[in-house]
Amino acid sequence: MTSRLSAITLNTFREAVRDRVLYNLILFVLLLVASAPLFGQISIGLERLILVNVGLSSISLFGVIIAILIGIGLVSKEIEKKTLYTILSRPVRRWEFIFGKYCGLLLTLIVNTVFMAMGLYLALLITAHSLTRADVLLLGAIYCIVLQFMIMVALTLFFSSFSTPIFSAIFAFSLFVIGTFGEDLKNFAAMSHGPTKWLASAAAYLVPNFASLNVIARVAHEQPVNGSLIGFNTLYALLYSAAVTAAAVLVFERRNLK
Amino acid sequence: MCEPGYNSPKFPTNQMHAIDIRGLSKDYAVGFWKKKLLPALKPLDLHVEIGETFGFLGPNGAGKTTTLKLLMGIIFPTSGTARILDRDCHDPEVKSKIGFLPEQPYFYDYLSAPELLDYYGQLSGMPHDARKRRIPEVLDQVGLSDAGSKQLRKFSKGMLQRVGIAQAVIHDPQVLFLDEPMSGLDPLGRHEIRELIQGLKDAGKTIFFSTHILSDAEALCDRVAVIHKGELRGIGVVNDLRSAVAGKSEIIWEGSHATASMGDLLIESHVTGETVRGIVQSSDLDRLLEKLRQQRARLISVTPLHGTLEDYFLAQTREKETVNS
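Sequence lines, in order, name chains A and B.
Residue numbers for the first sequence, in my numbering: 1 to 258.
Residue numbers for the second sequence, in my numbering: 1 to 325.
Please keep in mind that the hints were generated in silico from the structure rather than gathered at the bench.
Where hints are given, some of them may not hold.
As the list claims (entries may be wrong) - If the Cβ cut is set under 10 Å, some of the chain B residues that face chain A in the computed set are: (1) G99; (2) Y108; (3) Y110; (4) L111; (5) M126; (6) S145; (7) G148; (8) V238.
Predicted model only: the values in this text are computed from it and were never measured.
Cβ atoms here follow ideal geometry from the backbone N, Cα and C, with glycine treated the same way.
Whenever a hint applies, use it, and build me the whole structure from the sequences.
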């Protein structure tokens, strides 16, 4: 089982690398490093704040875009091109295929994030000529961004297991946007009454709460991300992505692959 | 359904079947509310013996690929069962003993042939050392030893088909399922694939392959089944089927005066001067010869006509349509 899972995981990762998806990070690193001196000129005293905000937000946004672009085709492309036929005719269980794909895309995003983070640290080094203790705090935000990717990959895979790529992209991106304003949805639910309150509350708990995973502003202002928040976010991302991946498996197990 | 020629002496039936299909059917729900059922495969019963090369014939849309998808666990049956090597076709243990080549396959085109075979070998549960040893062997077997690290996106269609066969046999399976293995290939490509299948047959593999190219089935198969509109129309040993559809003889005699008394015995006749060439059902041959003797016509020759698989195929696919209409 482990061998089959690792084979599917590594093949998914290899596809992303060879299809030049990861070339975006070279562009990102080059742009960030090249523009680092400009931050100092346009925002005296605030260059670090802006650089961290722009850098971490870009890592998050690039990752979500890659998760959606690759994720929506993870299952549908394999069906369309019939590569799945040769996989399912082997001793590969359907859940192994889904979980292998999940791990492969997550691995792609983690490698992507590591390279982008290195670019961000390089830009910080160029701007301030040295790294400080506050810069270590960025790792907390980067970790939370990876947790965000865990959920996004599960969502795109779930939609890809039964829908067309275009609809999968629309559903996944919509949930990302709604989830980003998850706290606002909770506040709205708290202020509402009657059925609206129930509906808004249900929606607030069902959609992924990306707001609580976003600690970019906090680390940009050199505030640490405390351990309990890291722990809560880790548990939340694990449970949410496990539930969504399990739903994707349930759908896929019953699907006739015409 | 009666299976003429099923008990082939070459493949005695007192052993485990390689493939055992019983009442296997598939309906698709169609329409906006998915309430209308479209039968893609009507209840199918057939067996394939171990070591046999079995041709599954039918025109496009007959239900060949549906049957193969059901056997591979890609779609689920509406009813019935399918067993391979005496185990349910979904059993992972069975799947490590079968190989499958889909129709017009596409493979991960960013991989090279050795990488692809390594991937499929891993999925089939082959250990690293076994894969390392087997990959060059299989590439050599399919004539792709020189492919090297070239990505599959640069392969011709014939090369891709050979890669397809290579991935199907990388784990040395006992039973092979090939869906239209020669379709879309030029004559040279077809010949190469035919040679490959012949080699696998000689190696004792059980081969179940679907095709609508009858000459390939005729050349390679021990038995064939004809399927049309999701329904099994006939099954048997190739030679038996040819004979069944043949059953006709060509008869040539001198004495055109005798033609008129033949009545309905002649299926067709052609008169050139005094010489008559007629086609007769073999069952009517004795009666026709008797009449010729009575008419004192001079018999020149009687030649049994050999049917082809195509004749049988056409008879099976047209027969019911005529009855239905």
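For each hint, the structure was consulted:
Satisfaction of the interface hint for B/G99 is found here, the shortest Cβ-Cβ separation to chain A being roughly 8 Å, below the 10 Å cut-off. Because the closest C-beta pair between B/Y108 and chain A is about 6 Å apart, less than 10 Å, the hint holds. Checking B/Y110 against chain A by beta carbon gives a least distance of about 4 Å; that is within 10 Å, so the hint holds. Interface hint status for B/L111: upheld, as the beta-carbon distance to the closest one in chain A is roughly 8 Å, under 10 Å.
Interface hint status for B/M126: upheld, as the beta-carbon distance to the closest one in chain A is roughly 9 Å, under 10 Å. The beta carbon of B/S145 is not positioned within 10 Å of any beta carbon in chain A (closest approach about 22 Å), and the interface hint is therefore violated. Of the supplied interface hints, the one on B/G148 is violated, with its beta-carbon coming no nearer than about 16 Å to a beta-carbon of chain A, more than 10 Å. Residue-level restraint check for B/V238 is violated (minimum Cβ-Cβ distance to chain A is 27 Å; threshold 10 Å).
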